[in-house]
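Trainee: One-letter residues, chain by chain:
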Amino acid sequence: MVWNSASDFFAMGGYGLYVWGSYGVTAACCWSLCWPRAGTVPPCRRWRIWKMNKVKQT
Amino acid sequence: MSTMSPMMAILSRDLRLASRRPAEALLPVVFFVVAASLFPLGVGPEAATLKQIAPGIVWVCALLSSMLSLNSMYASDYADGSLEQMLISQLSGIELAAAKCIAHWLMTGVPLLLVSPLLGLLFGLSWEAIGLMAFGLLLGTPILSLMGGMGAALTLGLRNSAVLILLIVLPLCIPVLIFGAGAVSAAESGLSPAGHFYLLGAMFLLSALGAPVATAAALRISV
Amino acid sequence: MKKLPRLFTFAAPKTFYRLATVTGPWLYAIAAAFAIWGLYVGFFVAPTDATQGDSYRIIFIHVPAAWMSMVLYMAMAGWAAFGWAANARLASMMARAIAPTGAAFTFLALWTGAFWGKPTWGAWWVWDARLTSELILLFLYLGFMALVEAIDDVRRADHAGALLAIVGAVNVPIIYFSVRWWNTLHQGSSISMTAAPKMAHTMLLSMLLMTVAFWAYAFAVVFMRARAVVLEREIGADWVQALAHKK
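Protein chains in written order, with the numbering used here: chain A, 1 to 58; chain B, 1001 to 1223; chain C, 2001 to 2247.
Just so you know, the hints here were simulated from the structure itself, not pulled from any lab data.
None of these values were measured; they are calculated from a predicted model.
It cannot be assumed that every hint is accurate.
Cβ-to-Cβ under 7 Å is the rule here; a few derived chain C residues that face chain A [claimed, not checked]:
hint: 1; residue: Thr2015
hint: 2; residue: Arg2018
hint: 3; residue: Val2022
hint: 4; residue: Asp2049
hint: 5; residue: Thr2051
hint: 6; residue: Gly2053
hint: 7; residue: Ile2058
hint: 8; residue: Ile2061
hint: 9; residue: Trp2111
hint: 10; residue: Phe2115
hint: 11; residue: Pro2119
hint: 12; residue: Gly2122
hint: 13; residue: Val2221
For each label pair, taking beta carbons as the anchor points, the in silico distance ranges come out as [claimed, not checked]:
hint: 14; chain 1: B; residue 1: Lys1051; chain 2: C; residue 2: Met2199; range: 41 to 47 Å
hint: 15; chain 1: C; residue 1: Ala2011; chain 2: A; residue 2: Val25; range: 33 to 39 Å
hint: 16; chain 1: C; residue 1: Phe2044; chain 2: B; residue 2: Val1043; range: 46 to 52 Å
hint: 17; chain 1: B; residue 1: Gly1081; chain 2: C; residue 2: Trp2127; range: 43 to 49 Å
hint: 18; chain 1: A; residue 1: Leu17; chain 2: C; residue 2: Ala2011; range: 45 to 51 Å
hint: 19; chain 1: A; residue 1: Asp8; chain 2: C; residue 2: Ala2242; range: 56 to 62 Å
Built from N, CA and C at the ideal position, the CB exists for glycine as well.
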């Protein structure tokens, strides 16, 4: 599929809203799911230190 | 008394306990009527619209009213320890679950069923439609009691069990709603409701066989 | 008895934690690589559809998301059931880790489906069998997550969630076969095991590449979440304490 220009690519033959609305939300969901967040964060250094302090308190 | 089967014993005990508090036992029915009556006030009293949405409204309100009385199904027995005794005894968990579901249906489902023609008249349904709706409720309300019993057993003793039961049981009961209300709508538009009733009957059989087993397992998990 | 069976080596939280830590970055890399390849094929190789124009390109995320939503539910129910039957803690932790990702994919399947349905069917949503049963699947995921979070006793929560997941598993075949059993607006299956696919090969290729990408991504995210769950649940264990005090 050869797109004539970048604006053609973004317009997606008139369906740009739907296509990019879908892909955008998908990207947002995927990114937010793997973004480090409290409770779901992988043990990076800051998290480990926080947990260590929490354990010390109990 | 000693010759009564365990299931009958539990059933009669529940019914007797409920009869000592008739007001509490009839609360779901009152909610049913009140909630269903809200819709014409909200949607507007146009007869044609009401006639069209009536089966759906009655079914949804029946669903919600059944769920209301669910968390008290096992709660009082759990609180005073008799549930634990029943599970430790030689009584089969499946029998206990089945008896409780039958009791719940007799106390909640049957009154809803008896009141539904009244609501049908309020919404202007024809007698034929009311009959189909009542038959659907006859098949559907036991399913609600059975699935609800499983939900009640899973959420035993939790803080917000009332809402949790709704969240757990409603998705599983959506097919009942679809086919029950769909039967009346199909008849209204001239198609045969037989297929809907066959599916309701199949769901009833499936839940009658499976739900007490699942409820017994859930009781063993929760207690 | 020199060689002990290694089937359940990774059933120990500690060894699984190490496995997940090591494989995590690789899984993300595989997911990214296949996603880039799949999207390249989908947007720059696959032609414009004759009837649907360029809106059909949503298929490259819609179908993989829908497939993953069903697969992840069966995986979640399977692990939860195994955790219940064998009293295996890690299996139940795995089920908990899968649930949010499964719910997200279900939501994405519904969302991308709605965005695809609007230009093609004219409606954002129709209450046909497949869409309704997929919505029920979303509710089942949410119900599972709500139930396991609401119960304080962890083992009771694990087992109660397992029962709920198993009962809800009956919905997945209904979703799959709904287009065959009912007259639905949603199209029937274009891909089957027994016949040639009814779509262009480049489109099919892109869709399959995106499926692999989503699968690898799901593994990566579930492993990451499972690591967090393991750390929380095993907080009293020596190896966790050692980890926290390192560096």
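Trainee: Confirm or reject each hint.
Mentor: For each hint, the structure was consulted:
1. Thr2015: violated (16 Å)
2. Arg2018: violated (12 Å)
3. Val2022: Since the shortest Cβ distance to chain A is 12 Å, the answer is violated.
4. Asp2049: Check failed: Cβ of aspartate 2049 of chain C comes no nearer than 10 Å to chain A, outside 7 Å.
5. Thr2051: violated (12 Å)
6. Gly2053: holds (5 Å)
7. Ile2058: Constraint on isoleucine 2058 of chain C satisfied, holds at 5 Å.
8. Ile2061: At about 5 Å, which falls below the 7 Å cut-off, the nearest Cβ of chain A leaves the hint on isoleucine 2061 of chain C intact, so it holds.
9. Trp2111: Because about 6 Å separates tryptophan 2111 of chain C from the closest Cβ in chain A, which is inside the 7 Å limit, the hint holds.
10. Phe2115: holds (4 Å)
11. Pro2119: Holds: closest Cβ of chain A sits about 5 Å from proline 2119 of chain C, inside 7 Å.
12. Gly2122: violated (12 Å)
13. Val2221: holds (5 Å)
14. B:Lys1051 with C:Met2199: 41 to 47 Å: holds (45 Å)
15. C:Ala2011 with A:Val25: 33 to 39 Å: holds (37 Å)
16. C:Phe2044 with B:Val1043: 46 to 52 Å: Distance hint for phenylalanine 2044 of chain C, valine 1043 of chain B holds at roughly 51 Å.
17. B:Gly1081 with C:Trp2127: 43 to 49 Å: Once the Cβ atoms are compared, 46 Å apart, the range 43 to 49 Å for tryptophan 2127 of chain C and glycine 1081 of chain B holds.
18. A:Leu17 with C:Ala2011: 45 to 51 Å: Distance hint for leucine 17 of chain A, alanine 2011 of chain C holds at roughly 48 Å.
19. A:Asp8 with C:Ala2242: 56 to 62 Å: holds (57 Å)
When the structure is compared with the earlier hints, violations turn up for hints 1, 2, 3, 4, 5, 12 and for no others.
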